[in-house]
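Use the sequences and the hints to build the structure in full.
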Amino acid sequence: MPADSAAAHGLIVDCSHGNSGKDEHRQAEVVRNIAGRIAQGEEGITGIMMESFIEGGNQKAAPLDRLVYGRSITDKCLSWDTTERLLRELAHAVSERRWK
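All residue numbers for the sequence shown refer to full-length UniProt numbering, where the first residue is 1 and numbers rise by one.
Some hints here could point you the wrong way.
[Stated by the list, open to error] In silico BS3-like links for lysine-lysine, alpha-carbon gap of 27 Å or less:
id : residue 1 : residue 2
1  : K22       : K76
2  : K76       : K60
3  : K22       : K60
Hints were generated in silico from the structure; no laboratory data involved.
Written as structure tokens, this is what we have:
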């Protein structure tokens with residue numbers, strides 16, 4: 001890989017939007033796919049982005065008394081519990097790559 005290429009400096013993959021079809025549940029599939037690549041030795045991926053918030057999903061903007069605290073009013077998000085599990089899977093994948 002040429003030293004001046006973007007990949008030589010590491011790519012950050014957006015696991016939401018187009019890569020997940022804007023389906024918050026498919027983000028987990030994308031993250032797990034990336035974790036598998038990292039565990040197998042892929043070094044070009046240096047980060048990921050996920051749509052994540054306290055509560056999963058999203059809701060339409062409404063008066064405060066009708067909103068669910070911690071749920072997005074924009075894009076559909078993964079819950080914090082799911083995000084935490086996925087981050088642990090990524091950390092494990094990085095550990096596996098380091099020991100190859």
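Hints, one by one, checked against the model:
no.	hint	verdict
1	K22 to K76	holds (7 Å)
2	K76 to K60	holds (11 Å)
3	K22 to K60	holds (16 Å)
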